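For the protein sequence lines, the chains are U and L, in the order given. Residue numbering for the first sequence follows this note's numbering, starting at 6 and increasing by one per position. Residue numbering for the second sequence follows this note's numbering, starting at 77 and increasing by one per position.
It should be emphasised that the hints constitute simulated quantities derived from the structure, not laboratory data. The reader is advised that the hints may include incorrect statements.
Negatives, chain U to chain L, calculated, CB over 12 Å [as the list claims (entries may be wrong)]:
hint : residue
1    : Asn78
2    : Ser121
3    : Pro193
4    : Asp206
Derived EDC-like pairs (lysine to aspartate or glutamate); straight-line CA-CA distance at most 20 Å [to be verified]:
hint : chain 1 : residue 1 : chain 2 : residue 2
5    : U       : Lys86     : U       : Asp138
6    : U       : Lys101    : L       : Asp101
7    : U       : Lys101    : U       : Glu65
8    : L       : Lys287    : U       : Asp103
Nothing here was measured: the structure is a model prediction, and the numbers come from that model. Built from N, CA and C at the ideal position, the CB exists for glycine as well.
One letter stands for each residue in the lines below.
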Amino acid sequence: MGILTELKSSISRAASTLFSAEDPKRIGIYGPPNAGKTTLANRIARDWTEHGDAVGPESEIPHETRRARRKENVEIERNGKTVDIDIVDTPGVTTKVDYTEFLEHDMEEDDAVRRSREATEGVAEAMHWLREDVDGVIYVLDSATDPFTQVNTMLIGIIESQDLPVLILANKIDLEESSVQRIRNAFPQHETVQVSALEGDNMDEVYDKIAEYFG
Amino acid sequence: MPHQCTDCGRTFDDGSKEMLSGCPDCGGNKFQFRPGGVDSADPDPDAEPPEPPEPATDGVTRAVGSAATAVRDLVSPDPAEPDPEADPSDGATSPGQAGSTPSPADTAPEDAAQASARADVVPMEELPSDTPEPADEDHTPTPDEHDETTRHGETTTTDEREDRPDLADLREELNDQFESIRVLEPGQYELNLMELYDREEYIIALQEDGKYTIQVPERWKDG
């Protein structure tokens, strides 16, 4: 009886090690609003999942993503190996949400106020995920805007303090005002990969780095 | 080169006054601080990418520290303003105190650099002599009292330094400012990211009267 119990527990121990090794890593896509996080998530899903379903709707109006959305078991093949990850597209993180910003996009006041409230809940959710539920971070920045912001500095600081692997993407390199160097200057301690998630430019390097960082 | 313009890359010495009114070359007004010893990370992205997968522990701490400093600079209304509590003891060294208390400059090289930068820019003798000294008017502090305040002040600082210095300071400062979510008016919110990150319970819905619906961690329910 004793031997049997021991055997059973040793098998279950072996099985749990086996499964934990195979468990896909959960990678959070973080960044400020309108950096192109959902566009990137959709691009990855389209490139690597069978049906290529979108993770979420993309929009030029900030805070389109107001709930974290997960795409599970995305298998990325690199150099004959397969990297299995879950991607979590998170709401854009910011310190201020103001409904009047949405009124400029021809939105009714009621809708704008509701969007604003949901966006705020979304930031709370994103911060909560960062605390407990991600194994790595893809930090997306719009390379046409200034990366030296309170939000970026704070988030990168939190990610570093958690010792999470982080890959910084300088997105929107298709825009004329784009400056990848400015992002490299802002976070010299991390590697920055340039990309246009919208156009699909340089996605190969992004996948190489995803495999390298999170594989 | 401790300071670098983030736009054109021009560098400035520690404590340089040149950049006080913007970069002389490009007019940029954002500079990054690179303490001595980090120079090896001089970014030449094409040449050799850094190796982030194995960041040294001190690298992480330093990064968080510098992140926190940057944020604090953004947050505090007037960073150049000297700490009023520290002031009275700085000029006149009270008897029996000299040499007994470790000066902040001893704690870390960065502190020394900052201290020297401060000293270079605003030497004590240049400070206006008519700085408010309310104590002189109605109550002159005895040396004992001086010691008390100074010691008290320094003890606190030292304790915070030992325990994840800048992140702790930053957290406290932000928490003092406002709670995790402040409703200015319906549809307008200010968020305290550190507080949101720190709290175990998870805010799932907001109400306009400022109340939240939260989800508490499983283990709280066990009782």
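To test your reading of the hints: which numbers does this structure violate?
2, 3, 5, 6
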